[in-house]
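Colleague: Okay, here's what each chain looks like letter by letter:
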Amino acid sequence: MALEKPYSDIPGTTVFDTDMARRGYHLNQFCMSLMRAENRERFRADERTYLDEWAMSEEQRQAVMARDYNRLIELGGNIYFLAKIFGTDGTTFQQAAAKMTGVSEEEYLKMMVSGGRPPQGNLYVSERRRG
Amino acid sequence: MAKLTAGLGMSHVPAIGAAVDKGKTSEPYWKPLFDGFEFSKRWMASNRPDAVILVYNDHATAFSLDIIPTFAIGCAESFKVADEGWGRRPVPDVAGHPELAAHIAQSAIEDEFDLTIVNKMDVDHGLTVPLTLMFGQPAQWPCRVVPFAVNVVQYPPPSGMRCYKLGRSLRRAVESFDSDIDVQIWGTGGMSHQLQGPRAGLINQTFDKAFLDGLTADPYGLASIPRVDYLREAGSEGIELVMWLIMRGALNEQAEEIYRFYHVPASNTAVGHIILQDR
Chain A
15 MALEKPYSDI PGTTVFDTDM ARRGYHLNQF CMSLMRAENR ERFRADERTY
65 LDEWAMSEEQ RQAVMARDYN RLIELGGNIY FLAKIFGTDG TTFQQAAAKM
115 TGVSEEEYLK MMVSGGRPPQ GNLYVSERRR G
Chain B
270 MAKLTAGLGM SHVPAIGAAV DKGKTSEPYW KPLFDGFEFS KRWMASNRPD
320 AVILVYNDHA TAFSLDIIPT FAIGCAESFK VADEGWGRRP VPDVAGHPEL
370 AAHIAQSAIE DEFDLTIVNK MDVDHGLTVP LTLMFGQPAQ WPCRVVPFAV
420 NVVQYPPPSG MRCYKLGRSL RRAVESFDSD IDVQIWGTGG MSHQLQGPRA
470 GLINQTFDKA FLDGLTADPY GLASIPRVDY LREAGSEGIE LVMWLIMRGA
520 LNEQAEEIYR FYHVPASNTA VGHIILQDR
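The listed protein sequences correspond, in order, to chains A and B.
To convert a position in the first sequence, counted from 1, into the numbering used here, add 14.
To convert a position in the second sequence, counted from 1, into the numbering used here, add 269.
Hints listed in this document are in silico derivations from the structure and should not be mistaken for laboratory results.
Check the hints yourself; a few may be wrong.
Sample of chain B residues with no beta-carbon within 10 Å of chain A, all distances over it, derived [as the list claims (entries may be wrong)]:
hint, residue
1, Lys293
2, Glu307
3, Asp319
4, Asp335
5, Val360
6, Ile386
7, Asn388
8, Pro407
9, Val422
10, Glu444
11, Ala469
12, Gln474
13, Glu502
14, Tyr528
15, Phe530
Simulated restraints on C-beta separations [stated by the list, open to error]:
hint, chain 1, residue 1, chain 2, residue 2, range
16, B, Glu444, A, Glu73, 52 to 58 Å
17, B, Thr485, A, Arg36, 39 to 45 Å
18, B, Met270, A, Gln134, 25 to 31 Å
19, B, Arg357, A, Gln134, 38 to 44 Å
Just so you know, even glycine gets a beta-carbon here, dropped at the ideal spot from N, CA and C.
With the hints as constraints, model all of the structure from the sequences given.
Modeller: In structure tokens:
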């Protein structure tokens, strides 16, 4: 019998559970490798060749090259590991968050300074459907 | 014997460390946050512990996905400040307390909490930002630190109740350490925040304030909150708050609240802070 996942109805949220971690193992370990300056340089010089050295899926490689963080999360990426990619790019956590939520950095900053994204309407998928 | 004198809760947002390191603390964005820690720095100056058990989480720094310990205690003589991928923070390395750490490890494991013993580990912003908030920018940190890392990155993390009970066990360990030292325990991380996906930026002030209230008045009730409630209500990264329950479990139920502070935002996160004195 499958395990219950009571967190599957949280909107806009992928929980990095053991299934996701298994799916994302090589992707996340690739990210981890970017903690070393020499690896960051090699990655920057030729992303494709560097990515080919890791046992990742082609979909994962494409999503890395597109910097599609939402897709990477769906494919098993964890945000703290993905942060090594945007660290390599010189992107801040705030800029990456803006990108994932589909707004400009200015709009995102404005939302945060005014108290952040409110819980109302954002806790259950069913709430969102009701609009 | 050693005494557990106080417990502190505080966020450990990396941008807070960067703001201090880059001299931005009086900028309008940051000033209200750092003002909120002025009282605590003064309090700390007259309540300085000999050692801190610093409960934090590693953020894909010392632990990759190769090995994921649920609870790890740092038993080394010192811990280097990690390069997390964008250069090392300009802060001193951290002096451990190997005798206290070894004693806690033996006591807690005999007490059924199967800690992972770590004798070599770099520490990331999760550990160094709280030290910066409490001690500023000294040439050396003024006390010794027992790093206590909790997995909150890969789900499931330990439950709030497990954390609370572990805190009690840590208290028993401290109180049986044969040396007259003052020990504090700090729980770090949180408060509400979500760093990932289309819901990034979620902040739940109602949840956070109720958590701070419960921390003082109803810790056992707070420990009963299930994991999914943290994820849903406080954001996918807000589940770091279970680490505050290790701190709370280590204090007497009647611990006195000395100070609290709450501020939104620091980068993507709601910042919370509390000082609880044991009695």
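Colleague: Can you name, in rising order, the numbers of the hints this structure does not satisfy?
Modeller: Of the numbered hints given earlier, those the structure breaks are 4, 9, 11, 12, 13 and 18, listed in rising order.
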